[in-house]
Amino acid sequence: MMLNICKGQYRPIPSHYSPEVKELVARLMTIDPNQRPSIPAVLDMPFIQATLKNMGEKYEQLRLEDEARWQELSRKIRPLSTAPSTVGDGTDGPESARPKQDKTTGAPMPRQNSASIGLNRRPPSALDVCEMSPRPSSGRGTPNQNRPPSTRSAGTASPTRQRASPKKGSGPSGHPL
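Just so you know, the UniProt record's numbering puts 4 at position 4 of the sequence shown, and the rest follows in order with no gaps.
Any given hint might turn out to be false.
[What the hints assert, rightly or not] Restraint-style ranges between C-beta atoms, simulated for each label pair:
#, residue 1, residue 2, range
1, Gln9, Gly56, 33 to 41 Å
2, Pro79, Leu43, 46 to 54 Å
3, Asn4, Leu43, 23 to 31 Å
4, Pro40, Pro79, 51 to 59 Å
5, Met55, Met2, 28 to 36 Å
6, Pro79, Met2, 53 to 61 Å
7, Arg63, Met29, 32 to 40 Å
8, Asn4, Glu57, 37 to 45 Å
9, Ala68, Lys22, 38 to 46 Å
10, Ala41, Arg11, 21 to 29 Å
11, Ile77, Leu52, 33 to 41 Å
12, Ala68, Asp44, 32 to 40 Å
13, Glu72, Ala26, 42 to 50 Å
14, Asp44, Lys76, 44 to 52 Å
[As the list claims (entries may be wrong)] With a Cα cut of at most 27 Å, we get these calculated DSSO-like pairs of lysine-lysine:
#, residue 1, residue 2
15, Lys53, Lys22
16, Lys22, Lys7
17, Lys76, Lys22
By construction, these hints were calculated from the structure, which means they are not laboratory data.
Cβ coordinates follow ideal geometry from the N, Cα and C atoms, glycine included.
Can you build the whole structure from these sequences, using the hints too?
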């Protein structure tokens, strides 16, 4: 398949795609890379601009709906998290009414309210996840602008930066347990 693409021999675009999409694919599949449109040129195409605008509006609509759902859920959970908890009196009762015990020491574990276990936090949106994930370098250096420049040269084997060892009583990432 890759060889056919390199030769410029590929299946025709199905008829249900717009003429603009067909033209774009044909230009992108041109054998000579100098004849292919650049990414900025593709992004400036009117049908791409319209699609991006539509996607932005749809994203904003979904984000607002998601935020409203989380606010409603938060309002429902808040009364539950502030309700007085009952502790079993030692008689046979529901397991959830008894305080949980630490399996190693047998000591009762403290109860956690919804705020301490993160029920009041909303999960990251798709945009948040995209912004948090590392981006591959394009060779131009722009995606990694915030990263300090490497001080290694090709012939040196010793790293110039050292990792700080985690403090006692902290997890693998250095955060308190």
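Evaluation of the provided hints:
{"no.": "1", "hint": "Gln9 with Gly56: 33 to 41 Å", "result": "holds (37 Å)"}
{"no.": "2", "hint": "Pro79 with Leu43: 46 to 54 Å", "result": "holds (48 Å)"}
{"no.": "3", "hint": "Asn4 with Leu43: 23 to 31 Å", "result": "holds (28 Å)"}
{"no.": "4", "hint": "Pro40 with Pro79: 51 to 59 Å", "result": "holds (53 Å)"}
{"no.": "5", "hint": "Met55 with Met2: 28 to 36 Å", "result": "holds (30 Å)"}
{"no.": "6", "hint": "Pro79 with Met2: 53 to 61 Å", "result": "holds (60 Å)"}
{"no.": "7", "hint": "Arg63 with Met29: 32 to 40 Å", "result": "holds (35 Å)"}
{"no.": "8", "hint": "Asn4 with Glu57: 37 to 45 Å", "result": "holds (38 Å)"}
{"no.": "9", "hint": "Ala68 with Lys22: 38 to 46 Å", "result": "holds (40 Å)"}
{"no.": "10", "hint": "Ala41 with Arg11: 21 to 29 Å", "result": "holds (25 Å)"}
{"no.": "11", "hint": "Ile77 with Leu52: 33 to 41 Å", "result": "holds (36 Å)"}
{"no.": "12", "hint": "Ala68 with Asp44: 32 to 40 Å", "result": "holds (35 Å)"}
{"no.": "13", "hint": "Glu72 with Ala26: 42 to 50 Å", "result": "holds (49 Å)"}
{"no.": "14", "hint": "Asp44 with Lys76: 44 to 52 Å", "result": "holds (47 Å)"}
{"no.": "15", "hint": "Lys53 with Lys22", "result": "holds (21 Å)"}
{"no.": "16", "hint": "Lys22 with Lys7", "result": "holds (18 Å)"}
{"no.": "17", "hint": "Lys76 with Lys22", "result": "violated (50 Å)"}
Of the numbered hints given earlier, the model fails hint 17 alone.
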